[in-house]
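Participant: Please put together the full structure from these sequences, using the hints given.
Residue numbers (my numbering): 1 to 165.
Please note that a few of the clues may not be correct.
Listed next, the in silico DSS-like pairs over lysine-lysine satisfying Cα-Cα at most 25 Å (straight line) [unchecked claim]:
no., residue 1, residue 2
1, K89, K72
2, K152, K78
3, K160, K58
4, K11, K58
5, K11, K160
6, K78, K89
7, K89, K152
8, K111, K58
9, K11, K152
10, K78, K11
Since the hints were derived computationally from the structure, they do not count as laboratory data.
All values reported here derive from a predicted model rather than from experimental measurement.
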Amino acid sequence: MSDLLIWSLEKARQQTLSLVEDLRDEQMCLQTSAQENHPAWILGHLLLGDIYLLSMLKVRELSADFSDLLSKYGPDSKPTSTLADYDSKQFLVERLTETGLLRTGAVRQMKNLDQPTPDETLVRTQPTIAHHLQILVFHEGHHCGGLSSWRKAQGLSAVKGIFAS
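Facilitator: Quick look at the structure:
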């Protein structure tokens, strides 16, 4: 099962990065409606999930900027169109690339994905690490759909699906 989860995590991340590859920095916070989840927010939001997973798997401690990232990209944040409120595309893409490699490396090393999810809240709906990893794949896919819809609303061309190439 770990091979399938690793493959899924890698492909979902490839899709995410392909959806923002052609964007200029000034496009990253464009919104067609108030509080729309724009690319900068989505990338930062996915980064939060990676950082938290890596801490749960004891690969890394929570990053020094985790609280700052949580306030900008967390579930209670309200996306704005102000570019200065967010990290640069380069920063977000580099961090997501790094954390993506770390998370798949950690999963490759794990001998038992059926161990309980160590977060007392998440364990209620995602009882094992395998469940949590599967949710991360769906979560990233959900946000890829958001990025695709955002691209369409901005009049940008569609991006070929990674899973169909």
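Participant: Look at each hint and say if it fits the structure.
Facilitator: Status of each hint after checking the structure:
{"no.": "1", "hint": "K89 <-> K72", "verdict": "14 Å, holds"}
{"no.": "2", "hint": "K152 <-> K78", "verdict": "22 Å, holds"}
{"no.": "3", "hint": "K160 <-> K58", "verdict": "35 Å, violated"}
{"no.": "4", "hint": "K11 <-> K58", "verdict": "24 Å, holds"}
{"no.": "5", "hint": "K11 <-> K160", "verdict": "13 Å, holds"}
{"no.": "6", "hint": "K78 <-> K89", "verdict": "19 Å, holds"}
{"no.": "7", "hint": "K89 <-> K152", "verdict": "19 Å, holds"}
{"no.": "8", "hint": "K111 <-> K58", "verdict": "14 Å, holds"}
{"no.": "9", "hint": "K11 <-> K152", "verdict": "22 Å, holds"}
{"no.": "10", "hint": "K78 <-> K11", "verdict": "28 Å, violated"}
The structure is inconsistent with the numbered hints 3, 10, although it conforms to all the rest.
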